[in-house]
Amino acid sequence: MKTLTSVIATTAVLSSAQASFAATEIEFWHAFTGRLGELVAEQVDTFNASQDEYTVVQSHKGNYSETLNAGIAAFRAGEQPHILMVIEVGTATMMAAEGAIKPVYEVMGDGFDQSKYIGSVKGYYTSPDGNMLSLPFNSSTPVLWVNRDKLSEAGIDPDTPMATWEQVGGVLDVLKEAGVDCPMTTAWQSWIHLENFSAYHNVPFATQDNGFAGTDTELALNGPAQVAHISQMGQWAQDGKFIYAGRRNEGGANFRAGECALFTESSAGYAGIKAEAEFDFEVRPLPYWEAVASEPQNTIIGGASLWVMEGHEDAEYAGVAAFMDFLSSADIQAKWHQDTGYLPITAEAGEKTKMMGFYDENPGTDIAVMQMTAKEPTANSKGLRLGSFDQIRGIIDEELEAVWSGDKDAQTALDSAAERGNALLRRFEQATQ
Amino acid sequence: MEKRVTFKGIWLPLLLVLPQILITAVFFFYPAGQAIWQSLFIPDPFGLSMQWVGLGNFEFLLSDPFYRASFLTTAIFSILVTVVSMGVALYLAVLADRLIKGSGTYRTLLIWPYAVAPAVAGVLWLFMFNTRVGVVSWYLGQLGYDWNHVLNEGEAMGLVVVASAWGRISYNFLFFLAGLQAIPKSVIEAAAIDGARFWTRFRTIVWPLLSPTTFFLLVVNIIYAFFETFGVIHTITSGGPQQATTILVYKVYSDGFVGQDLGSSAAQSVILLVIVSILTVVQFKYIERRVHY
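Going down the list, the sequences are from chains A and B.
Counted from 1, the first sequence has number 334 at position 334 by this note's numbering; the numbering is strictly sequential.
Counted from 1, the second sequence has number 1140 at position 140 by this note's numbering; the numbering is strictly sequential.
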């Protein structure tokens, strides 16, 4: 009798397992851990609970590089997931992988309204004719973080205007005079002080519309505007006004500990700063050089997007489309934007957040959105599409370090960065012919 | 007169070495062959297409002054790691060998760091020397020394060397201690009776008798410094500042794993393979001559 019960129990368990397997499974590989990982899991659970046709299975595959490598290795073995998260600098690699990826606009089908996505967010991921190749997932943009207490201590009015680098220069002088050890620091130096700098001042970072128009692109980051900026930053580094903390976001620890007065960092630093800072802080728009541009263009994004991999059934792609549609819905996007500090990917989600009064309660959280959307993106400010760009960033890091330490002047360093980067671009062009 | 065991026929001996050969073939010859094959192509990351470039990858690498500079960086790094980890280990082993009481505890404590993974060791050292919040850099600051391995190339190199050598000291210590304890006490006592002081005894008796161990550790440590240190470098400096700590194996990792440039990465592995083979041959040919078994 006992055996019979257990047999029945087992059968029941098995059949219920089969019932849930009847739903089409969609594999989703991402790179998020901690709080962000929880939020992704929550999105997926909400989607799975909202319908019973598809089950999205999310798995964490390591950091951005590890996730991309896992995806590539899986593709080579014929085991690729349906959805793969790829960092923004991997965009050119993914685009070139024709036969491995299925453009998002094709997956979404005829009724896909691409106009609802914010231009400067989706622009990074669209084809030359304006079609979305991947779905932006987490996007942020650099802003200026201000420690207001530090300014007050140095005898500076914390509301002093710092819209331009000219004004920031004046503030740095006073901070240094007042004996502040760390007047300014930065995270992601190449992304903020060269890539975004170029877009923000509407000067090219690379030829061929920053690589959007073809892989026969060459770096133009050694133009006079960039050289002037890096040269000034180098001078500030020599004077102890700009403190270099590392290639990634090492400077964030110094700013959150209250040591640094100014900090150029991603808008997505919001959650961490809000949680840790025991001082009065504020978000300001990224400064621009008045001498270079009378007013700033838009900044560009960083972060990751979701790519759909080739080689699955049509029914599964329908599930992918349903999931992506769900992710793009105003409710989910608004929640994601408010929870994480990442930019909303649709204008509707931004409007909704505004309506909910979130920006009034959390002042400064809308700065990034406004900075991104104030102007229609130009060919110089749509984004970057350069092959081997992760490595090129490494080269730029090395050359910038030579400027900060005083080993090279800005012109020499940026010329060298361009020359070394171009060699990699030529290799990428050859590899993807 | 050497004693030899011989088999009749060929099949039994072949069968007996077969597992070894199979393992070597599957885990060594096959991947090494793949690396050599891939180094002749520029493939796209997804394996959708490959372009034959012959020795193009090698030309591309060797014409890059930064890659060539990385050879010197690697040499400096490897020599420093080997000398530091073996020197300290030998010193500790000599001390431990003279211990009468509590040597077991002492030994166990010294072996601990070996259990720490390189990347974790890197993080530990990074925290201590963090330019803003590190304990050590804070004390150095109190002494008036401004530690900044983020921009100072020498300090960055020093830090990765210490972090790489640290975990290795335990391993070397174990071998040195075993070597020391294998030296017959009677020889040393005889020398002591003849009036030889510690330093003379060490130089004329212990060091020569320890040479097989030293030689083994030299080979193993150089290979370690060449191949297994990228975790430390990745967590502490990522090869910077500028290219001060970009050693060859770190470049293999970053070009292949981060940059998806598999052709160049494969070519770099082949170059490393050749260097290590040459080094090992040199070691066995020239240094082993001075080893007394």
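By construction, these hints were calculated from the structure, which means they are not laboratory data.
Check the hints yourself; a few may be wrong.
To be verified - Computed footprint of chain A on chain B; a stretch qualifies when at least three of its residues, placed anywhere within it, have a C-beta under 8 Å from a C-beta of chain A: (1) 1146 to 1152; (2) 1232 to 1242; (3) 1259 to 1265.
Unchecked claim - Facing chain B, from chain A, some residues (calculated, C-beta under 10 Å): (4) A23; (5) N249; (6) G364.
The C-beta atom is built at its ideal place from N, Cα and C for all residues, glycine as well.
Enumerated hints in conflict with the structure, sorted upward: 4, 5, 6
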